[in-house]
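Colleague: Using the numbering used here, read the sequence shown as starting at 1 and increasing by one per residue.
Calculated from the structure, these hints are not laboratory results. Among the hints, a few may not be true.
Straight-line C-alpha distance at most 30 Å; calculated DSSO-like pairs for lysine-lysine [as the list claims (entries may be wrong)]: (1) 172 x 207; (2) 76 x 4; (3) 172 x 240; (4) 166 x 240; (5) 207 x 282.
Quick list of the computed label-pair ranges, beta carbon to beta carbon [to be verified]: (6) 106 x 248: 37 to 47 Å; (7) 162 x 136: 29 to 39 Å; (8) 281 x 237: 28 to 38 Å; (9) 20 x 276: 46 to 56 Å; (10) 281 x 158: 41 to 51 Å; (11) 24 x 300: 50 to 60 Å; (12) 284 x 250: 19 to 29 Å; (13) 118 x 97: 19 to 29 Å; (14) 76 x 268: 31 to 41 Å; (15) 104 x 135: 22 to 32 Å.
Note that beta-carbon positions come from the ideal geometry of N, C-alpha and C, so glycine has one too.
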Amino acid sequence: MSKKLISIGDVQCPPGELRLGRIIAGHHQDSAPIAIPLIVVNGAHDGPTLWLGAAVHGSEIAGCEVIRRITREIVKPAELHGVILAAPIQNPLAFRASSYHTPQDGLNMNRVFPGDPDETITHRLAHAIYTQGVAQSDYLMDLHCNALGSIDFIFVRWREEEAWQKGWAMAKAYGVTIVESVPKRLGFGFEERLVGLLCDVALEARKPCITVELTPQHYFEERSIRSGVTGTLNVMKYLKMLAGNLEPQTEVPVIPEPLRPQLRVTAQRGGLLTYLVPVGQKVRKGQPLVLVRDPWGDVVETVTSPADGYLLSYPRHGNQAAASGDIVVFVAPPRAA
């Protein structure tokens, strides 16, 4: 049996037990705490420590339910080899507002890691997670949600070093589509440098990390949640935290080959959108993907694929409509190409 007492936030969790608590990252105007909820499962047997985090973006809540099922229903401390440190709501302020960004300072929390204890509240939340969660973990999984009209997939960084290679192996064990992520996103008019991610600071600390994209935002889709549970348990089996064989992903479409960074395609004209190809399907360069129609029903633009690859997403955050410059589809080429 493990002899290690786990201390994080206000939690003291002995071996073979589950404890609930929180990390205090700051205080509201009325002095009420700004708290990150914690679930700690300290296995009865020695093994690695896995950070499971969700809701860095407050509208991306499917990971909260994945974490609940894993920690409160499925994994038993007596059978666990190692430790689960779970934060189902990593950004409580954005969660309260159902917002991608933190309302108090307008920042995207997944662009400010490792954070700063003397900066605005988003930096302080990130710093608390970095110093208490990342610091104590051997492996990390950051659970996000893509927009309605997407397939489930995993973003993975790549480098010819051990932590990055183990991250890729975790993604393969999880079992859904793998998309390579790079810091420099060519062709994006915003956030061209994709830096400050939780997985970035974890990898720089030589701790393997994957970013999971469930679907959709704002509510629970049972297929995606079941896939998230299967994938997380698969990763834990790969890490020898749980016994058993890896389970295939049967709930969501899976593209069989790893993909290069996704390419965005924007609308030149505004209007209502008609989607022509199901998500997850292979597409050809120049193939029509989206029709843009004006309010009178006339087609004013046909959006085509920028490359041979797979259709990952029709990102919808509101109506099935777009203005000039809005992203209407993401396509990712095969990584071998």
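Colleague: Compare the structure with each hint and give your call.
Modeller: The hints, checked one at a time:
1. 172 x 207: holds (17 Å)
2. 76 x 4: Since the Cα atoms of residue 76 and residue 4 sit roughly 17 Å apart, the hinted pair holds (cutoff 30 Å).
3. 172 x 240: holds (15 Å)
4. 166 x 240: holds (13 Å)
5. 207 x 282: violated (33 Å)
6. 106 x 248: 37 to 47 Å: Holds, at about 42 Å.
7. 162 x 136: 29 to 39 Å: Between residue 162 and residue 136, where Cβ atoms are some 20 Å apart, the hint is violated.
8. 281 x 237: 28 to 38 Å: holds (30 Å)
9. 20 x 276: 46 to 56 Å: holds (48 Å)
10. 281 x 158: 41 to 51 Å: violated (25 Å)
11. 24 x 300: 50 to 60 Å: Between residue 24 and residue 300, where Cβ atoms are some 53 Å apart, the hint holds.
12. 284 x 250: 19 to 29 Å: holds (28 Å)
13. 118 x 97: 19 to 29 Å: holds (24 Å)
14. 76 x 268: 31 to 41 Å: violated (55 Å)
15. 104 x 135: 22 to 32 Å: Check passed, 25 Å falls within 22 to 32 Å.
Violation of the numbered hints given earlier is confined to hints 5, 7, 10, 14; the remaining hints are satisfied by the structure.
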